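As a plain string of letters, each chain reads:
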Amino acid sequence: MSNSVIEVPPKGGFSFDLCKRNEMLAKKGVNPPSFRKTGTTIVGLVFQDGVILGADTRATEGPIVCDKNCEKIHYMAPNIYCCGAGTAADTEAVTDMVSSQLQLHRYHTGRESRVVTALTLLKRHLFNYQGYVSAALVLGGVDVTGPHLHTIYPHGSTDTLPFATMGSGSLAAMAVFESKYKEGLTRNEGIELVTEAICSGIFNDLGSGSNVDVCVITKGGKEYLRNHLQPNPRTYTNSKGYSFPKKTEVLLTKIIPLKEKVEIIEGGDAMEE
Amino acid sequence: MGDSQYSFSLTTFSPSGKLVQIEHALTAVGSGQTSLGIKAANGVVIATEKKLPSILVDETSVQKIQCLTPNIGVVYSGMGPDFRVLVRKSRKQAEQYHRLYKEPIPVTQLVRETAAVMQEFTQSGGVRPFGVSLLVAGYDDNGPQLYQVDPSGSYFSWKASAMGKNVSNAKTFLEKRYTDDMELDDAVHTAILTLKEGFEGQISGKNIEIGIIGADKKFRVLTPAEVDDYLAEVE
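Residue numbers (UniProt numbering), protein chains in the order written: chain A, 1 to 273; chain B, 1 to 235.
One thing to keep in mind: the hints can contain errors.
To be verified - Straight-line distance between alpha carbons at most 25 Å, and here's what the computed SDA-like set of lysine to any residue pairs gives:
#1 Lys92(B) <-> Leu225(A)
#2 Lys218(B) <-> His108(A)
#3 Lys92(B) <-> Ile265(A)
#4 Lys68(A) <-> Tyr224(A)
#5 Lys218(B) <-> His105(A)
#6 Lys218(B) <-> His189(B)
#7 Lys123(A) <-> Gly110(A)
#8 Lys102(B) <-> Glu189(A)
#9 Lys165(B) <-> Cys67(B)
#10 Lys92(B) <-> Lys68(A)
Since the hints were derived computationally from the structure, they do not count as laboratory data.
Being a predicted model, the structure only gives us computed values, none of them experimental.
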């Protein structure tokens with residue numbers, strides 16, 4: 001028997017060969033281009049009538065803020081929403097895909113989608129890609145079995161919790177939740193607590209910033225409060241506008257149009273083919 | 001008649017230029033329960049008989065009119081199981097279109113893709129054509145639309161059409177009654193009268209099914225109670 005490696009054709013499933021190549025290259029100092037990460041503080045909590053999700057709105061590309069007001073709370077079903085942290089493309093693609101699958105499922109069963117269905121579809125997908133799909137999600141919704149809140153990690157593990165935070169600002173937000181959360185919060189108390197937690201992330205974490213988005217989901221429906229709080233408005237625009245003094249004297253003005261005006265003559269002969 | 005020698009193989013033309021299997025599929029459709037559709041000025045209505053094989057069948061579990069997208073619905077004449085397969089495929093295609101273009105699929109596109117599926121099954125080995133004709137009703141940016149798709153994969157846009165048993169009587173009736181400026185409610189009444197023409201037995205909300213889509217672009221199947229209300233108005 002020879003000692004050489006026999007090339008076996010792949011039997012199916014995702015091939016991780018290129019991932020190994022990338023890791024080897026990174027060790028040698030060749031780094032892949034950095035992805036647009038959401039940085040992020042995302043939170044969720046269960047209150048007496050349902051679930052409240054909250055997120056900041058800053059998207060970062062390394063040290064640069066590439067989107068000052070992005071949307072991190074994604075639609076999954078009329079009664080289920082999902083906040084996403086990690087690589088922005090991954091969170092958007094994976095929530096879009098599962099939202100599509102849930103819609104088909106609703107047509108086939110004729111019923112409202114359940115949060116555990118969305119949870120299982122997401123975690124199966126993420127596990128299949130062994131953590132390379134870098135999406136950390138906070139999934140919340142209200143279905144026939146009641147309100148549910150889950151966190152999903154990029155490798156595919158999940159938690160079911162009464163309050164949860166994810167992202168680079170998760171520790172700042174969790175500190176607020178741990179000290180102030182209690183069961184049976186009312187809607188306004190819940191929104192205030194979520195806003196406080198996100199603000200804690202916005203002001204204490206570099207990867208999070210700009211505005212606060214909130215989404216309230218109850219049995220009756222959902223309320224998506226986009227930019228519920230805007231604690232970082234632009235304050236440096238000069239209301240008088242800018243005017244720069246002219247430095248060069250104008251001696252002569254001559255305008256020559258580059259395109260001749262085309263005149264349309266009616267009633268000519270048609271072109272021969 | 002050289003045709004009969006070519007009737008067993010789907011993928012062989014007969015000397016007269018026909019695919020005899022498709023003719024047989026159309027016969028299967030022609031012996032199915034009557035269904036019809038009418039395009040009104042502000043919406044579309046589709047309706048079908050729902051004759052169950054026995055009084056013991058739970059009629060609430062049978063739904064012949066199905067929703068493909070929030071603004072497109074479909075009804076059939078012919079074989080129920082074939083219909084289920086087509087509905088499943090069409091729903092998936094509509095959803096894939098939406099994922100790719102973030103736009104609700106236009107009615108013509110969905111009809112074209114469904115027809116393409118039906119045509120595939122007339123040109124492949126080892127399969128048979130679908131034994132259903134579909135009536136697709138939808139309302140999109142181009143207004144209300146009604147399409148009929150046949151087992152061969154050909155589709156036509158209709159102002160009003162009928163399929164199944166009794167098709168000739170139903171079409172004659174529709175030709176007489178159809179007007180271009182009909183409102184949706186008038187169309188529902190006309191649809192009920194057309195179904196009544198060839199109906200054996202007592203017509204009620206439990207043995208016909210009606211689906212409508214109006215200017216709100218939301219397709220819905222009427223409940224038996226609503227159908228009974230329309231029936232009462234017609235009498």
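Hint-by-hint comparison with the structure:
Proposed proximity of Lys92(B) and Leu225(A) is contradicted: the alpha carbons are some 32 Å apart, above 25 Å. A distance of roughly 18 Å separates the Cα atoms of Lys218(B) and His108(A); the hinted pair therefore holds under the 25 Å criterion. Between the alpha carbons of Lys92(B) and Ile265(A) the distance comes to roughly 53 Å, so the proposed pair goes past 25 Å and is violated. In summary, the hint linking Lys68(A) to Tyr224(A) is supported, as the alpha carbons are separated by about 19 Å, within the 25 Å threshold.
For the hint linking Lys218(B) to His105(A), the alpha-carbon distance of about 19 Å falls within 25 Å, and the restraint holds. Straight-line distance between C-alpha atoms of Lys218(B) and His189(B) comes to about 20 Å, which keeps the hinted pair within the 25 Å bound. Under the criterion of a C-alpha separation no larger than 25 Å, the hint pairing Lys123(A) with Gly110(A) is consistent with the structure, at around 24 Å. A C-alpha spacing of about 36 Å is found between Lys102(B) and Glu189(A), which places the hinted pair above 25 Å, so the restraint is violated.
Restraint check for Lys165(B) and Cys67(B): the C-alpha separation of about 24 Å stays at or below 25 Å, so the hint holds. At roughly 36 Å between alpha-carbon atoms, Lys92(B) and Lys68(A) are farther apart than 25 Å, so this suggested pair is violated.
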